[in-house]
Amino acid sequence: MTDRTTLLVDPAPTPTTPRRRGGRWFSRDLLGVVPFFLFVAVFLVIPTLVVVIGSFGGTGGGVTLDNLAALGDDYIVDAFLRSIALSAVTAMLGAIFGALLAYAVVTGRPDGVVRRAVTAACGVLAQFGGVTLAFAFIATLGLSGFVTVFLRDQVGIDIYSGGVWLFDLPGLVLVYTYFQIPLMVIVFLPALDGIRPQWREAAESLGGSTWYYWRRVAGPLLAPAFLGATLLLFANAFSAYATAAALVSQGSPIVPLQIRSALTSEVILGRENIGKAMALGMVVVVAVVMWLYAVLQRRTSRWLD
Amino acid sequence: MAGLVRRRVRRQRILRWVVVTVLGVFFLLPLFAMLEFTTRGAGGTLTAETWRTFFDWRQLGETYPVLWAGMKASFGLVILSVLLTLLLLVPTVVWVRLRLPRLRRTVEFICLLPLTIPAIVLVVGLAPVYAWVVYFVGGSSLTLTFAYTILALPFAYRAIDAGLSAIDVRTLTEAARGLGAGWATVMWRVVLPNMRSAVLSAAFITVALVLGEFTIASLLNRQNLQVAIDQLGKSSATMSIAVSLAALVLAFVLLLLLSFAGRGLRRRQREGSAS
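Quick note, the sequences are listed as chains V and R, same order.
Numbered per our numbering, the first sequence spans residues 1 to 305.
Numbered per our numbering, the second sequence spans residues 1001 to 1275.
Please keep in mind that the hints were generated in silico from the structure rather than gathered at the bench.
Here a beta-carbon is modelled for each residue, glycine too, at the ideal position from N, C-alpha and C.
Accuracy of the hints is not assured; some may be wrong.
The following label-pair restraints were derived from C-beta to C-beta distances [unchecked claim]:
id, chain 1, residue 1, chain 2, residue 2, range
1, R, G1138, V, S27, 33 to 39 Å
2, R, S1235, V, L169, 22 to 28 Å
3, V, V52, R, R1010, 56 to 62 Å
4, V, P190, R, R1104, 41 to 47 Å
5, V, I96, R, L1083, 39 to 45 Å
Build out the structure end to end from the sequences listed, making use of the hints.
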């Protein structure tokens, strides 16, 4: 972020590297990017600063660490732990099944209808919004949902004999997996496309078995891409809000819902900025994950581009 | 060797069918359940009542004013967000590539930044900013355009950047400038027609994103399609499920069109009839 502001204010090239046409202090060319930077400053940088500064802001002004200290409260720690567990579980489920589906798609014809339809469907389900998916599952597994009713009337199994789990964490795991698998397909397909058939042929002509090929050739090549995609899935689930907001009926088990209640409910005196502190906590988690993702991405592109 | 390859191809085919079938059931079951739920009549009969209401727009507007308002807001937001995203991004990215190559990494970094900032976090920081937006332009739901443009930046940037990389902008613009064209002409008549499919895909992604957005609209107390679906779910589950299904199908068709549009445009450009 400092990078950006310095570049904006001081466009001169660093003196050590001679540039084309030397070092002008101000060029009219910069005017062309002013609208973009202004817009981004107002609607991206300021909101980010509001969160960061607000996290350290006291009730009556002044700097305080109280908000961050409140992140240690039991209910917030629990929410973070549940959020992380939910994201990790659905990221792993999504990564495994998504990779299988991507492999199935990639071994088919490259320009076939199946691939086109699967990719488009994955795009919709992965990115198109949690509220619709929440309602899809209410229609499927809600109290009068299709599967619930079918199993109860035709098979005689009551899936809710142990309590209604759809509107709580187990339900979230299910619905999150439903949008994580498609995201994995989208993210992982390019890596699988990068695998050349010649490598397999080479392994086979040298006498390697299928198992040997996967363990010694394709496995190590795909591992960074697979791990990176899993991290991306984790960040995706961790940031998700809509599904949980539409599905969870009681309480605020995960961080995004805690932030909602901090935003919408009457604030307790002296705790106005707790929501901002939780938001900052989320940014930190996501930033760490995305940084790891970028590192793995660089490793992947060495081979599979 | 040939036997080995044949065996592998057969095994791959079996694996492919197993995976596609199992996951296909997992993914299609909820969609089918939505259809079943919305056509369920009294006493196990089928009824098209919900869908008849859904397609009779006047009645829909009267019976579900919330839904109608949400659809209208989302429709306006789609158009405004696509326009703002393209107007903001295309000239900037082209300009940076041509005249300010040193800013390229900065612009890329900024554009990808929203990926690391969850919408729920952005909304926390946007609340005070929107107090000012209300002060200057009013509290209409259409003001969400600003926030949605930020959300669309990473995806739109990638599409436009990829489109720009595929053509030789520098040569094209130098040729046009050399023949006496101004920057506006260069942008409108030279660069844009050459990256039509990239601009199109950026627009499509923005459309899908705006149609699916819930977090910011809901927490800033604005109205849009997803907020309406959520509100409706409390009173009329059947109708909100019908709208959900329709929205999913619409988005699917949109993305499928996108995958064909990109290809079709490229082909037409090769044949030289698109200019």
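Outcome of the hint check:
1. R/G1138 to V/S27: 33 to 39 Å: holds (38 Å)
2. R/S1235 to V/L169: 22 to 28 Å: holds (26 Å)
3. V/V52 to R/R1010: 56 to 62 Å: With Cβ atoms ~57 Å apart, the hint holds.
4. V/P190 to R/R1104: 41 to 47 Å: violated (22 Å)
5. V/I96 to R/L1083: 39 to 45 Å: Between V/I96 and R/L1083, where Cβ atoms are some 41 Å apart, the hint holds.
When held up to the earlier numbered hints, the structure conflicts with hint 4 and nothing else.
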